[in-house]
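Peer 1: Here is how the chains run, residue by residue.
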Amino acid sequence: MSWALTPLEWEALSLSLKVAAWATVASLPLGLFIAWILARHRFPGHAILNGVVHLPLVLPPVVVGYVLLIVLGRGGALGGWLYDTFGLSFAFTWKGAAVAAAVMAFPLMVRAMRLSLEAVDPSLEHAARTLGAAPYRVFFTVTLPLMLPGVVTGSVLAFARALGEFGATITFVSNIPGETQTLPLALYSFTQVPGGENSALRLAVLAVIVALIALIASEALARRVQRMTRGEERA
Amino acid sequence: MPDLMAEQNALLSLNVQRRTGDFAIDVKIEAGPGITALFGKSGAGKSTVVAMLAGLIKPDSGHIRVDGHTLFDSAQGIDIAPEHRHVGYVFQDARLFPHMSVAKNLRYGLNRLEPAKRTETFERVISLLGLESLLQRRPANLSGGEKQRVAIGRALLSNPRILLMDEPLASLDAARKSEILPYIERLATDFELPVVYVSHAVEEVVRLSDTLVLISNGHVAAQGDVEEIMGRIDLGPLTGRYEAGAVLTPSVEAQVSEHHLTKLSLLGHDMFVPAVDLALGQRVRLRVRARDVSLALTRPEGTSILNILPCTVREIQSGPGSHVEVALSVTPRGADTPTSNPQTVLARITQKSLTDMKLKTGKPVHALIKAVAIDRHSLGGYGAGTNRL
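Protein sequences appear in the order of chains A and B. Those letters in the first sequence? Residues 1 to 235, per the working numbering, in order. Those letters in the second sequence? Residues 236 to 624, per the working numbering, in order.
Excised from the complex, chain A in its bound form (with noise of 0.2 Å):
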């Protein structure tokens, strides 16, 4: 048995990746927005929109694409609009494995960023507008800065269940090698033909590996981004 990875499972893992880090980046700014919404304002639907982020996290992730593929879809009202307007299409793509990563992964952004903007001090940033600061300078030079340790756990627990994404994937995109066959969908197919325990094995260590590294690389980071924002000098 060799160490080198297979092309098949070099291709399951770049894919993964690729779709990780899109859905990751890609919601980050309306995850910034609706924890900022969500930790800054009381409004009517406040406990609505607060469920309907949250959906995600308790239904069956099977719904979510379910959900995805009917609005999405070519034949869906939002997705055909998409196809017809802009020449975007999200069903069996991977983009479309990115946005079903993306749903699923948005609850636990969401709610890491939201717990880090309600501990910064909002005395700070009055502090900020009477030296002059109009309110989207204070956002960026004051709250910002200072909830960057939630933003950054917020990422890396989205892209870590952006990687693990298997339900809500494979019922909207299906499971197309090279296209939307991520390393859980490739995993899965090993364990349903006779003699690929051993490949899905292989699958389950680099699964393992790759998880590891994340929560590795991002504790050294929200250390580091943690020590910036409360201001001790470096040691």
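Rather than coming from a laboratory, the hints here were simulated on the basis of the structure. All residues carry an ideal CB built from backbone N, CA and C; glycine is no exception. Among the clues, some could well be false.
Stated by the list, open to error - Coverage of chain B stretches by chain A, computed from C-beta distances (three or more under 8 Å per stretch; other residues unrestricted): (1) 317-329; (2) 332-345; (3) 387-393.
Fit chain B to the known structure of chain A by using the hints.
Peer 2: Chain B only, in chain A's frame:
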């Protein structure tokens, strides 16, 4: 110069109303240059008034004008955003940005200043507040007093038209307070900036204020000179009964170094207080607590008490308890001494003494004040802004 005076008096004009639940604020303040102190108990609404000035709390109605600029006017629908008010705000808790160095904190509001003036003003503020050695530090590594000095510097550098200080010393210990007080005294003078200073500590108010605004339960109970307001018995419950005491304004006559005392002159009478480092001839403010004053019908001989002031009884106010408050006017020495500068002493004595001494309005008495009882923390120059004139 009546026109100039009127203009100066209009530096801050504030008339605001706001109701939150059962608590109503209705405050009118007209203040000139120098330090205007908002004085009153915790929860009286002082901080809310200052937050309204800065635009952080919106009044229900009224107007706020600073130096000719209207910041708020409900009738005209004007409500300038905090960032456009040019109001420097020093908070009780400093509120430095923890993720920035001291230098970056100081420069945060600098863009409101003309580019040509930035370097010079920065250097000036740094040296006034003694911040040179702190610039590279982070707020987490500063002491409470250092943080407050940085906060004052940061507010000054944002090119304010008025400086608001909301209990800037309340969270500091006595040593840190006396470290910062001289800086605050110099602000109004050096930067020719009107200052609104919120405090519930009587010694800070006596030392710093040019105009005193006594706030009670959301309303202005009195405003005017410190001496006048602190000498009013009827305001005793508001200035704090235990702390009640009048403010005298003698001038420095001599330093008596062998006894570590300073000799003062009040309407021709000698007074002695623990040594203070002030120039000869300078007028000082001296707060004498009512409970530190005894009364005698004749001038006592062979006593350890250094300060004996002949007075006449002006007003007597009996309370429900065992003691009464007596307001006394100090009798000037010699007929040629001008009395345009009336001095009031408050004394707290027992009902029994009042009856035994047969005290009544107009009766001459001697007020006895122990030199060691004089509150050194309130001893300071005569109002920061007044020195300037």
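Peer 1: Each hint: holds or not?
Peer 2: Structure-based check of each hint:
1. 317-329: holds (count 10)
2. 332-345: holds (count 6)
3. 387-393: holds (count 3)
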